[in-house]
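Asker: In the order they appear, the protein sequences are chains A and B.
Each residue of the first sequence is one higher than the one before, starting from 1 at the first, in this note's numbering.
Each residue of the second sequence is one higher than the one before, starting from 1 at the first, in this note's numbering.
By construction, these hints were calculated from the structure, which means they are not laboratory data.
No residue lacks a Cβ here, since even glycine has one placed at the ideal position from N, Cα and C.
Please note that the accuracy of each hint is not assured.
[Stated by the list, open to error] These stretches of chain A come out as covered by chain B in the derived footprint (C-beta under 8 Å, 3 or more residues):
id : segment
1  : 48-54
2  : 528-537
[Said to hold, decoys possible] The calculated DSSO-like cross-link candidates involving lysine-lysine, where the alpha carbons are at most 27 Å apart (straight line), are:
id : chain 1 : residue 1 : chain 2 : residue 2
3  : A       : K29       : A       : K19
4  : B       : K220      : B       : K247
5  : B       : K279      : B       : K292
6  : B       : K61       : B       : K19
7  : B       : K247      : A       : K532
8  : A       : K351      : A       : K541
9  : B       : K220      : A       : K351
10 : A       : K532      : B       : K61
11 : A       : K541      : B       : K242
12 : B       : K61       : B       : K18
13 : A       : K19       : A       : K290
14 : B       : K46       : A       : K344
15 : B       : K136      : A       : K507
16 : A       : K344      : A       : K29
17 : B       : K18       : A       : K506
18 : B       : K247      : A       : K351
19 : A       : K177      : A       : K153
20 : A       : K225      : A       : K363
21 : A       : K507      : B       : K376
22 : A       : K514      : B       : K247
23 : B       : K136      : A       : K541
24 : B       : K250      : B       : K292
25 : A       : K576      : B       : K247
26 : A       : K363      : A       : K351
27 : B       : K279      : A       : K514
28 : B       : K242      : B       : K279
29 : B       : K136      : A       : K506
30 : A       : K576      : B       : K376
[As the list claims (entries may be wrong)] Over the 10 Å line for every Cβ pair with chain B, so calculated as not near, a few chain A residues:
id : residue
31 : V15
32 : Y135
33 : S142
34 : K153
35 : E294
36 : E298
37 : R345
38 : G383
39 : E423
40 : E429
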Amino acid sequence: MNRKKARKSGVTKPVISLKRTGLLDYLWKVQNEHGYIRPDDVAACGEALGISTIEVEGVISFYHFLTRQPRGRITIYLNNSPVAECKGFERVREAFEMATGAPFNGVDPTGQFGLFETACIGLSDMEPAALIDFYPFTNLNSLKVRDIAAQLKQGASPAEICDSVPDHIRSVPDGDKAILLREYSPGDALAQLRNRAPESVLEELTKSGLRGMGGAFFPAGLKWKACREEPGTSKYVFCNADEGEPGTFKDRVLMNSLPGLLLEGMAIAGYAVGAARGVIYLRAEYRWIKDKLEHTIEHFRKMNLLGQGIGGIEGFDFDLRVQLGAGAYVCGEETALLNSTEGKRGEPRNKRFFPTQRGYLQKPTVVNNVETFCAAARVLQLGADHYLSTGTAGSPGTKLLSVSGDCRLPGVYEIEWGTTVREILQQCEADRPHFIQLSGPSGACISMQEVDRTIALDDLPCGGSFMIFSRSRNILDILRNYNRFFKHESCGLCTPCRAGNFILEKKLEMFASKLARQSDVEDIRSWGNIMKLTCRCGLGKSAPNALLMAQEKFPEYFESIVRQNPERLSKGFSLKDAVREYDRFSS
Amino acid sequence: MNTARKTTDRITITIDGKKIETERGRNLVEVANENGIFVPSLCYWKHIEPPLGTCRVCTCKIDGVAGPACTETVDDGMVVEATTDELVDARHAIVEMMFSEGNHFCPGCEKSGNCDLQHMAYEMGLRQTRFPHVFKDRLIDFNPQRMIMEHNRCIKCLRCVKEVFTDDGKAVFSFRYRGNETRVGVDYDQEARLSDQQAIDAMNLCPTGAIIVRGALHAKPFGDRRFDLVSMQKVAPVEEPKITLPKAKKTVATVSLAGCFGCHMSLLDIDLKLLDLVKIIELNKSPLNDIKQFTRHCDIGLIEGGCCNAENVETLREFRRQCDVLVAFGECAIWGGVPSMRNTIPLGECLEEAYLNCSTSMPDESFVPYHEDLPKILDKVYACSEIVDIDYFIPGCPPDANHIWKSVLSLVAGEQLPVLYSEFKYD
Ligand SMILES: Cc1cc2nc3c(=O)[nH]c(=O)nc-3n(C[C@H](O)[C@H](O)[C@H](O)COP(=O)(O)O)c2cc1C
Ligand code: SF4
Ligand code: SF4
Ligand code: FES
């Protein structure tokens, strides 16, 4: 019964030719042509790959943006992130329904518009925002929505009328201290490789102390070295451009403003670890950046900064491609990302091997964040000593923050590690800040009592998302938004995450209907800790973070929303609510 | 066989402070259980390599790091914590989650008594789940030629996905969707190509009653099923404890809310011990003596059934007021049980289907009964513990007679009597 033991099937010539690693691209192609993936397409994929159709269905249904049903000739995905909710999501949502005649999660009767919600699309500095046929539309309000719908009805294409997306680079460190957001001329970093052995590159990187910027802060030098030391000649360099953590958009800005720097960083990694091939895994929400990346790649090939014998260095071959994701936050988890690129469901792998041991197609693979590659290129270009001269002793260098929420100047801030939260709040002109979420929903929240703490690895590490919620925001609404996000984005593979987030949702509903008791607060704490202990990957392990921390940081808030002195006779139950549905039949 | 190599492969690991000699590379779950240290497992299946690691029921601390034991192979010097309070509690919680997440109506399940999920819950002695049941509406897939896919019971262990293939290597099952929507999809064409034996193997591979082959699973009487009689843990009591009747009497009240009176019937099933029972308790309000109103404050209240209408809620609250100790006995009282099958469907739809759209209803003449004398129907069937605090739970549908007897006796005597593995049942 095992596939490994199975015989090769009888040969009938498939209609299309396809490799498993090309499955996602193929599914995108047919969906772009027909608006959805038709039964024949599923069958054709199955046949070409020699797999059953249910396996193809399994892949399709994993991804939010792939569909087996038509989603309108024009498909609108409105972002429902917590920042969007603060900036008028509800009104915009209604406006879209009114203007298009489509209900959310459905298509209007003529089949022209499909309306759907989607998790953070990386435009938190311009919320509310939506993707229409994957083109960005930002700073929406009811009027603008009406206008967009009218233009679309008159035949305008989303590509023509979409908004251009500014980078909103608000501030960089003074003097020579900017590392990432400084002047860039293509080839400067790669030029450093001349007459330099890969080992020396690794040394420089290790010396700089550069850590991964995707959120886990693993030392980049160590990772690259481990990959280099693996036997075998077939190795890969992967850039994690899935940037799915709500409130993060710094990778978008890097790819939009310095795509070349990223390519150089990846090529340097290829040189250092001995890999000739690279992949940028770009989230589908950033499809509008894909052309730019591909043009830059093309341009780099022409300049001999990619391809064979790069920069005239004999034997330095490196080339890469862009893999478009299809809508799954968990694909930012590095092993899920690899599975997804292999044309599978984006489920994280068991942590038996590091990707540097067995990564893409089981070959040694380096996976790093966009910012990490960019910073690595800068380390080579400027030298580790320069890098070490910025930041603090414990966390050298700089960090890009994506600041959003209740402030006048949302955007990207390059800060030196060691900057205080207060300084950032001042720079962005925060409006009555109250609840600050660092590193997104899976990160940490802090209250105003902690604003003198620093953004640093040994104090408050931050992966890039910096969301500010003012005094007028309801903390429970924010937490429920996070919870819905995790529930929806869980890959569903392990029990504590799949069921745990669902169960927490039920519990939070009790808080929302004002039926919770103090013991419910304690339940959440205990259940959250069980999820942290037992979940398979970082998604589930960090899903309860904000809930647990909010309890710790805002005890008076939680006290105010639980029922005081509840009787033993009445737990989280309201007879009035429970009979409401039956009362409909009273007449 | 090369004996020299074998000896070098002998290694020592430590589990819960106990030194265990074994062979390098063996599976940690197996090594632990062979050595009398209970590490539960559900998705783990010896023949699947690499192990799935999906259910997380086997979570231990391995060299200080929490992770599943089933994906771990033992190595010299490995230090494992298996039975700390924190770990045991977390593992219990995960099995409880499976019950709250699925819709597990054990008394109606073909696999009951042969089900790994139920078995693990027995081994853990789970009386109730700490989590609210989510009652997600799931369809049952009757489309496959021979199989029925009962999505309510699937715990998403991944076994079938990774192990069931046609002779030419095509997967029969695959996960579909994601998050709490994840379910196992069946490829109808490939399923039809399995041999009968392969289909039955697939059913047997499934740790729950999710994969059922029509006509291939026949109910067996209690005692003849795989997990009925003997616990896999040697520590569980296997002998009937000696019982001495307490001197003092306690007053007891009982009631059946949204139940079928089966639990009360089971109580009467203690046969001759009824004579002992009347020596140690005095019945107050109860259907057994037909006393309709409380005449005094009671020590113990036994509740059968959950709450499906407003009157149930009122009665339950009355019991909470009148009784020092409140016991939910039977699955309906504990989490809703069979009546809560309606919870996956909105009440309005249930009533419309029953009174307005059914085959015997007449247009214009049919209506949903609603009168001030009728108790109002709740939007769903509630577990007693969702409404008032419950002190003690006796599982079973109905609970085993001896289990009820021992629990009552324990409460009267004020000391916990051990319940045998064979008396602890959900069906
Ligand atoms: C659920 C989840 C989502 C993640 N999403 C991202 C992401 O969008 N971008 C990213 O760079 N890293 C993400 N990560 C972290 C990656 O797994 C990995 O640590 C990172 O890509 C390594 O690169 P770095 O060392 O350069 O940070 C995510 C991790 C988890 C568990
Ligand atoms: S924690 Fe588990 S269910 Fe959640 S995303 Fe990770 S592997 Fe999937
Ligand atoms: S159907 Fe059975 S074997 Fe398959 S995933 Fe569900 S519980 Fe596991
Ligand atoms: S038995 Fe180990 S994770 Fe399921």
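Asker: Taking the hints in turn, state whether each one holds.
Answerer: Taking the hints in turn, this is what the structure says about them:
1. 48-54: holds (count 5)
2. 528-537: The restraint on the segment 528-537 of chain A holds, since 5 of its residues have a Cβ under 8 Å from chain B and three suffice.
3. A/K29 with A/K19: 14 Å, holds
4. B/K220 with B/K247: Judged against 27 Å, a Cα distance of about 41 Å means the pair is violated.
5. B/K279 with B/K292: 22 Å, holds
6. B/K61 with B/K19: Measuring from Cα to Cα gives roughly 16 Å; hence the hint holds.
7. B/K247 with A/K532: It is violated: about 49 Å lies between the C-alpha atoms, which goes past 27 Å.
8. A/K351 with A/K541: 14 Å, holds
9. B/K220 with A/K351: With Cα atoms ~41 Å apart, B/K220 and A/K351 exceed 27 Å; violated.
10. A/K532 with B/K61: The given pair, whose Cα atoms are some 13 Å apart, holds under the 27 Å limit.
11. A/K541 with B/K242: 47 Å, violated
12. B/K61 with B/K18: 15 Å, holds
13. A/K19 with A/K290: 22 Å, holds
14. B/K46 with A/K344: Holds - the C-alpha atoms of A/K344 and B/K46 are around 25 Å apart, at most 27 Å.
15. B/K136 with A/K507: The hint holds at about 15 Å.
16. A/K344 with A/K29: Holds. A/K344 to A/K29 sits at ~17 Å (cutoff 27 Å).
17. B/K18 with A/K506: Not satisfied, since the Cα-Cα distance of roughly 41 Å exceeds 27 Å.
18. B/K247 with A/K351: Violated. B/K247 to A/K351 sits at ~59 Å, over the 27 Å cutoff.
19. A/K177 with A/K153: 50 Å, violated
20. A/K225 with A/K363: 15 Å, holds
21. A/K507 with B/K376: Given pair A/K507, B/K376 holds - Cα atoms ~25 Å apart, limit 27 Å.
22. A/K514 with B/K247: Distance ~47 Å between A/K514 and B/K247 Cα, so the pair is violated.
23. B/K136 with A/K541: 24 Å, holds
24. B/K250 with B/K292: Holds. B/K250 to B/K292 sits at ~19 Å (cutoff 27 Å).
25. A/K576 with B/K247: Violated - the C-alpha atoms of B/K247 and A/K576 are around 45 Å apart, more than 27 Å.
26. A/K363 with A/K351: 15 Å, holds
27. B/K279 with A/K514: The hint is violated at about 46 Å.
28. B/K242 with B/K279: Given that 27 Å is the threshold and the Cα spacing comes to 17 Å, the pair holds.
29. B/K136 with A/K506: 12 Å, holds
30. A/K576 with B/K376: Given that 27 Å is the threshold and the Cα spacing comes to 10 Å, the pair holds.
31. V15: The claim holds: A/V15 sits with its nearest Cβ about 17 Å from chain B, beyond 10 Å.
32. Y135: At about 26 Å from chain B, A/Y135 clears the 10 Å cut-off, so the statement holds.
33. S142: Consistent with the label, A/S142 stays out of reach of chain B, its closest Cβ about 31 Å off (over 10 Å).
34. K153: Holds, because the least Cβ-Cβ distance between A/K153 and chain B comes to about 33 Å, which exceeds 10 Å.
35. E294: 29 Å, holds
36. E298: Consistent with the label, A/E298 stays out of reach of chain B, its closest Cβ about 35 Å off (over 10 Å).
37. R345: 6 Å, violated
38. G383: Holds, because the least Cβ-Cβ distance between A/G383 and chain B comes to about 37 Å, which exceeds 10 Å.
39. E423: A/E423 is indeed farther than 10 Å from all Cβ atoms of chain B, at 37 Å.
40. E429: 37 Å, holds
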